[in-house]
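**Student:** One-letter residues, chain by chain:
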Amino acid sequence: MNTVGYTAIVLQVGAVVAGAPLLTGLMRQTRARLEGRAGAGVLQPWRDVRKLLRKEPITPVGTGPAFRWAPPLLVATSLVLAVLVPLISTDTPVRGRADLIVVVSLLALGTLALALAGLDTGTAFGGMGASREMTIAALVEPTILMAVFALSIPAGSTNLPVIVAGAADQPARLTSPAGLLAIAALAVAVLAESGRLPVDNPATHLELTMVHEAMTLEYAGPDLALVEFGAHLRLTVLLGLLASLFAPWGIATGASLAAVLLALLLAVLKVAVLGMALAAAEVFWAKLRLFRVPELLAGSFLLALLAVTASYFLGGEGGQR
Amino acid sequence: MSLIPAALATATGLGVAGAAAGLVLPQRVRGAVVGVLTAGVGVAGGASGVAALGGSRWSAEVPGLLPLAGTHFAVDALSGLFMAVAGAVVAAVAVYGAGYVAGGAHGLGSRGAQAVLPLFALSLLLVPAAASVSTFLLLWELMALTSLLLVPAEHRARPAVREAAVWYAVMTHLGLVLLLVGFMVYAAQAGGETFAALRSGSGAMSPAVRGLVFVLTAVAFSSKAGLVPLHAWLPRAHPEAPSAVSALMSAAMVNLGVYGLVRVGFDLLGGGPAWWWLLAMAMGGLSAVYGILQAAMASDLKRLLAYSTSENMGLVVLGVGAAGLFDHAGNKALAGLALAAALLHVVNHSAFKALLFCAAGSVLRATGERNLDLLGGLRARMPLTTGLFALGALGAVALPPGNGFISEWLLLQSMIHGLAVPGVTTAIVLPVAVAVIALSSGLAAAVFVKALGVGFFARPRAEGAAAARESPLLMLAGMGLLAALCAALALVPGLLGDGLDRAVEAAGRPGTRPVSGGGLQVRLDEVSAVFSPLWVVATLTVTLGAVTATVRWAGRRRQRRTRARLWDCGGGAPTPRMAYTATSFAEPLQRVFDDVLAPEQDVDVTPMRESAYLVERVKFRNRVPDRIEHRLYRPVLDFLAAAGQSARRLAGGSVHAYLGYGFFGLVTLLVVLVVGW
Numbered sequence: 000m001n002t003v004g005y006t007a008i009v010l011q012v013g014a015v016v017a018g019a020p021l022l023t024g025l026m027r028q029t030r031a032r033l034e035g036r037a038g039a040g041v042l043q044p045w046r047d048v049r050k051l052l053r054k055e056p057i058t059p060v061g062t063g064p065a066f067r068w069a070p071p072l073l074v075a076t077s078l079v080l081a082v083l084v085p086l087i088s089t090d091t092p093v094r095g096r097a098d099l100i101v102v103v104s105l106l107a108l109g110t111l112a113l114a115l116a117g118l119d120t121g122t123a124f125g126g127m128g129a130s131r132e133m134t135i136a137a138l139v140e141p142t143i144l145m146a147v148f149a150l151s152i153p154a155g156s157t158n159l160p161v162i163v164a165g166a167a168d169q170p171a172r173l174t175s176p177a178g179l180l181a182i183a184a185l186a187v188a189v190l191a192e193s194g195r196l197p198v199d200n201p202a203t204h205l206e207l208t209m210v211h212e213a214m215t216l217e218y219a220g221p222d223l224a225l226v227e228f229g230a231h232l233r234l235t236v237l238l239g240l241l242a243s244l245f246a247p248w249g250i251a252t253g254a255s256l257a258a259v260l261l262a263l264l265l266a267v268l269k270v271a272v273l274g275m276a277l278a279a280a281e282v283f284w285a286k287l288r289l290f291r292v293p294e295l296l297a298g299s300f301l302l303a304l305l306a307v308t309a310s311y312f313l314g315g316e317g318g319q320r
Numbered sequence: 000m001s002l003i004p005a006a007l008a009t010a011t012g013l014g015v016a017g018a019a020a021g022l023v024l025p026q027r028v029r030g031a032v033v034g035v036l037t038a039g040v041g042v043a044g045g046a047s048g049v050a051a052l053g054g055s056r057w058s059a060e061v062p063g064l065l066p067l068a069g070t071h072f073a074v075d076a077l078s079g080l081f082m083a084v085a086g087a088v089v090a091a092v093a094v095y096g097a098g099y100v101a102g103g104a105h106g107l108g109s110r111g112a113q114a115v116l117p118l119f120a121l122s123l124l125l126v127p128a129a130a131s132v133s134t135f136l137l138l139w140e141l142m143a144l145t146s147l148l149l150v151p152a153e154h155r156a157r158p159a160v161r162e163a164a165v166w167y168a169v170m171t172h173l174g175l176v177l178l179l180v181g182f183m184v185y186a187a188q189a190g191g192e193t194f195a196a197l198r199s200g201s202g203a204m205s206p207a208v209r210g211l212v213f214v215l216t217a218v219a220f221s222s223k224a225g226l227v228p229l230h231a232w233l234p235r236a237h238p239e240a241p242s243a244v245s246a247l248m249s250a251a252m253v254n255l256g257v258y259g260l261v262r263v264g265f266d267l268l269g270g271g272p273a274w275w276w277l278l279a280m281a282m283g284g285l286s287a288v289y290g291i292l293q294a295a296m297a298s299d300l301k302r303l304l305a306y307s308t309s310e311n312m313g314l315v316v317l318g319v320g321a322a323g324l325f326d327h328a329g330n331k332a333l334a335g336l337a338l339a340a341a342l343l344h345v346v347n348h349s350a351f352k353a354l355l356f357c358a359a360g361s362v363l364r365a366t367g368e369r370n371l372d373l374l375g376g377l378r379a380r381m382p383l384t385t386g387l388f389a390l391g392a393l394g395a396v397a398l399p400p401g402n403g404f405i406s407e408w409l410l411l412q413s414m415i416h417g418l419a420v421p422g423v424t425t426a427i428v429l430p431v432a433v434a435v436i437a438l439s440s441g442l443a444a445a446v447f448v449k450a451l452g453v454g455f456f457a458r459p460r461a462e463g464a465a466a467a468r469e470s471p472l473l474m475l476a477g478m479g480l481l482a483a484l485c486a487a488l489a490l491v492p493g494l495l496g497d498g499l500d501r502a503v504e505a506a507g508r509p510g511t512r513p514v515s516g517g518g519l520q521v522r523l524d525e526v527s528a529v530f531s532p533l534w535v536v537a538t539l540t541v542t543l544g545a546v547t548a549t550v551r552w553a554g555r556r557r558q559r560r561t562r563a564r565l566w567d568c569g570g571g572a573p574t575p576r577m578a579y580t581a582t583s584f585a586e587p588l589q590r591v592f593d594d595v596l597a598p599e600q601d602v603d604v605t606p607m608r609e610s611a612y613l614v615e616r617v618k619f620r621n622r623v624p625d626r627i628e629h630r631l632y633r634p635v636l637d638f639l640a641a642a643g644q645s646a647r648r649l650a651g652g653s654v655h656a657y658l659g660y661g662f663f664g665l666v667t668l669l670v671v672l673v674v675g676w
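Same order as they appear, the protein sequences are chains A and B. The opening position of the first sequence corresponds to residue 0 in numbering that gives the first Met the number 0, with each subsequent residue numbered one higher. The opening position of the second sequence corresponds to residue 0 in numbering that gives the first Met the number 0, with each subsequent residue numbered one higher.
One should not assume that every hint holds.
The calculated label-pair distances, taken between Cβ atoms and stated as ranges, are [as the list claims (entries may be wrong)]:
1) 329/B <-> 257/A: 23 to 33 Å
2) 276/A <-> 626/B: 40 to 50 Å
3) 540/B <-> 205/A: 52 to 62 Å
4) 1/A <-> 58/B: 22 to 32 Å
5) 1/A <-> 469/B: 46 to 56 Å
Only part of the chain A face toward chain B is listed, based on derived beta-carbon distances under 7 Å [said to hold, decoys possible]:
6) 55
7) 63
8) 78
9) 140
10) 156
11) 202
12) 205
13) 207
14) 208
15) 293
16) 295
17) 313
A few chain B residues that don't get close to chain A, going by computed Cβ distances all over 10 Å [said to hold, decoys possible]:
18) 106
19) 148
20) 156
21) 187
22) 273
23) 463
24) 465
25) 497
26) 618
27) 658
Simulated from the structure, these hints should not be mistaken for laboratory data. In this text, all values refer to a predicted model and were calculated from it rather than measured experimentally. For each residue, glycine too, the CB sits at the ideal point set by N, CA and C.
With the hints as extra help, turn the sequences into a complete structure.
**Tutor:** Here is the structure:
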């Protein structure tokens, strides 16, 4: 294809890998400041990962290959997503393969691997986390695919670069009722998929509330580093996806290195702003009871369904094809 | 050209020889010989199916075989697809079955069961080749009867088998009656009973008759495919049958319900009004969600798999219905795409479901237990079976490296692009259909995480699971064949090549070549989408390697993994009793879908005799009954029982009364004849 396309992918993956822990650090720092604490600094997640990577690997007695291989698989799926999602350029060598349904399914694959690892430990915590995570994942799936549906109608394809490039060309798509409803629905789904408040609290270790942390309770050392790094990557990719879909301005659509570099800068900025906004919002939110989460997801599903029907009935430019 | 009749004749010969061998051979060699002959039936039948997929056609008439009507056979690519699937499943399951029956004189290894098994396999292969109503119904009934004889094979081991067989017998024959009436009306109106006559006669029939024929046959076929609300036999018969038979029923027999629907709806009737297909989509969608919800609640491994069959057949029929809807709207290309997606899902489902049922059978054989709550820890004791089950489960959860994902991706694409069809109906139905597919695939992930994680991982929760040993080589070989099939379908769906297109074209719709080379692509007028499974798997593998290498490099000073105790909250080592069971895993979903499932919970608290405040015993019971079955079948059964009870009053034991009945009956008949004529 083109060298610029490859450069864009390398830059994008590099930025995601280097930036994912920084994003988490930034969000924690924002939160700490808003709560009146000093905070550990933006670099703390990187320090944690480095420390954990250097510790000795530990295998809890009675666990098997599922437990052993889930963390690398989680990171691997997130990295493949980091390659596929067009954060800075829609003209990359993988643009034909970045299907939105495949992206959603790869996310689910990571969730599933971790849930199996949780069950593999044979402890009550692991099973509890896996059970809750799979319940939420099952309910998120309709929302997320319906949002995919709504997004693909104006573009006529489920291909991500096509959707993003189309939205960058015609910003009116984003401000149409269908576009706004789809944004809202996908935003809720992203919160649930990345295990943030109000669906799950990544900072808790309380039996009553924890979902993701319960599954990963047995991990230590380098495995834990991978699990945490995988969670950072997922959050970054998901926020990046949200930014690309609903604020596609600046994303390079041609083979120009300058545009790619500018897009990189803008992407980092967009994701950082999104992350800080999320962190700020989380200060004011309480975690929902587990059995209230379905209501939230049902609401978001309804928004997505409205987005689909709105884009059909209201038509609009590019809407009714 | 001559391959198909030769292969079919070989299959028939081998099937009859297998039945004879099952009857006469001593128990020592019976299983092996019947296994080889049945595998031969599968290979020969599959070969004729593959030849038909390759473009050959064959039709023949054997006048003398049946009185009055004669027999008609025709094989086109649509039949070929179902024959190839059935052949592959039969061949692999026959190998598995030979290992399964080794050393057992009862159950599937008994003289009767071994004689019937090859005939069942043969009927699975011949049903799609039938080309006249009488031939079709005869073979259909042969298939129903042989499977009915196989279901109660293990009646000595479990009393519940009897009830399952009765349910299956009644429901399959109700289906046959509907099919018989539907085809009788059709043949009478079309003026001939061969499929060729039906095809040419359907155009001149009135819409009302066409609708009647479609509804009668569609309902009958949907009961064979295990669709809600006619699914009640499936979660009973499939778990109670010997596992090899379950695999054949779930992976080959239910497919023929879909075959019948496509053959009659598309090929013979040539499509129809929108309400036909909306009916099909409604039944399919309901089955998909309801089936997987019941699977999520099931603790019985084989019952879970049976409900998952109901779900997958629901998805297939959803696709078939969508194809009919697009076809009615005049968008033939989209109809072809949806039909191809549905047929591809039939193929994929057969591969992974046969594998899953065989693996479940291995577990049952090794532990004597189907209840997931009492399994666990099989990963260390049956590593190969666990790996094979995991591979099948990957197909069933419809996530990327699995084969189920490919067909669900295609199905979703056809639905998403279906909005190109104008009309309010599609604008309302298709989003709902996408939501149904999404919800069922999300729940399927939870279901198979439960089956694999609770049933095979962690530690054993009962003696049976603790004493499990790996299955014999033949069973592993049979499952290995199915696993290879799953992997091939997952990685290079292009292997199906033009066969899928030819099958769609045989149903009278244009092929869109969705599967080619190493990947899938959808190319319609303004729409395109590409998915390449090989690329995803290769990228994932490379990234996985890179990640592990990086971790190794970063922690280079400490390479050895040390073992440590599980976190026990300072309360002593956790026992297996503390682990999550299948019931507890499903509890959040049960609460979320409380209104749909209507679970029944009783708490019995027995207080001490000395004081009401001290509790001696607490008994908690949680049951999730099949609600549709409860509401729909129970009243009918109760009414029949009540009618029978009240009719008993007529038979008071008095000879005079009986003579009186005869006299009055005769007089009434004569009066009716006199007045009515």
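**Student:** Take the hints in turn and mark each one as holding or not.
**Tutor:** Results for each hint:
1. Range check, residue 329/B to residue 257/A: Cβ separation about 49 Å, and the 23 to 33 Å hint is violated.
2. A hinted range of 40 to 50 Å holds for the C-beta pair residue 276/A and residue 626/B, which are about 44 Å apart.
3. Residue 540/B and residue 205/A have their C-beta atoms about 38 Å apart, which leaves the hinted 52 to 62 Å range violated.
4. Take residue 1/A and residue 58/B: their Cβ atoms lie about 55 Å apart, and the range 22 to 32 Å is violated.
5. The hint said 46 to 56 Å for the Cβ distance between residue 1/A and residue 469/B, and at roughly 53 Å that hint holds.
6. Because the smallest distance between the Cβ of residue 55/A and any Cβ of chain B comes to about 4 Å, under 7 Å, the interface hint for this residue holds.
7. A cut of 7 Å between beta carbons decides the hint on residue 63/A: the least distance to chain B is about 5 Å, and the hint holds.
8. Using the Cβ-Cβ criterion of 7 Å, the hint placing residue 78/A at the interface with chain B is satisfied: the shortest such distance is roughly 5 Å.
9. Interface hint status for residue 140/A: upheld, as the beta-carbon distance to the closest one in chain B is roughly 3 Å, under 7 Å.
10. Because the closest C-beta pair between residue 156/A and chain B is about 6 Å apart, less than 7 Å, the hint holds.
11. For the restraint placing residue 202/A at the interface with chain B, the shortest Cβ-Cβ distance is roughly 19 Å, beyond the 7 Å limit, so the hint is violated.
12. Taken as an interface hint, residue 205/A does not check out: its beta carbon lies about 13 Å from the nearest beta carbon of chain B, beyond 7 Å.
13. The beta carbon of residue 207/A is not positioned within 7 Å of any beta carbon in chain B (closest approach about 13 Å), and the interface hint is therefore violated.
14. A hinted interface residue such as residue 208/A counts as satisfied when its beta carbon comes closer than 7 Å to some beta carbon of chain B; here the least separation is about 13 Å, so the hint is violated.
15. At its closest, the beta carbon of residue 293/A sits 5 Å from a beta carbon of chain B; the interface hint therefore holds under the 7 Å criterion.
16. Among the interface hints, the one on residue 295/A is violated; its C-beta lies about 12 Å from the nearest C-beta in chain B, farther than the 7 Å criterion.
17. The beta carbon of residue 313/A comes no nearer than 11 Å to any beta carbon in chain B, farther than 7 Å, and the hint placing it at the interface is violated.
18. With 10 Å as the threshold on Cβ separation, the claim that residue 106/B sits away from chain A holds: the shortest Cβ distance comes to roughly 32 Å.
19. Remark: the non-interface label on residue 148/B is consistent with the geometry, its nearest Cβ contact in chain A lying 39 Å away (cut-off 10 Å).
20. No beta-carbon of chain A is positioned within 10 Å of the beta-carbon of residue 156/B; the least distance is around 30 Å.
21. The claim that residue 187/B is not at the interface with chain A holds, since no C-beta of that chain comes within 10 Å of its own (minimum 43 Å).
22. Here residue 273/B stays apart from chain A, with its beta-carbon at least about 17 Å from theirs, past the 10 Å limit.
23. Residue placement check: residue 463/B keeps its beta carbon more than 10 Å from all beta carbons of chain A (closest about 17 Å).
24. No beta-carbon of chain A comes within 10 Å of the beta-carbon of residue 465/B; the shortest separation is about 13 Å.
25. With a least beta-carbon separation of about 23 Å from chain A, residue 497/B lies farther than 10 Å from that chain, consistent with its non-interface assignment.
26. The beta carbon of residue 618/B sits about 22 Å from the closest Cβ of chain A, which is more than 10 Å, so the claim that it is off the interface holds.
27. The claim that residue 658/B is not at the interface with chain A holds, since no C-beta of that chain comes within 10 Å of its own (minimum 67 Å).
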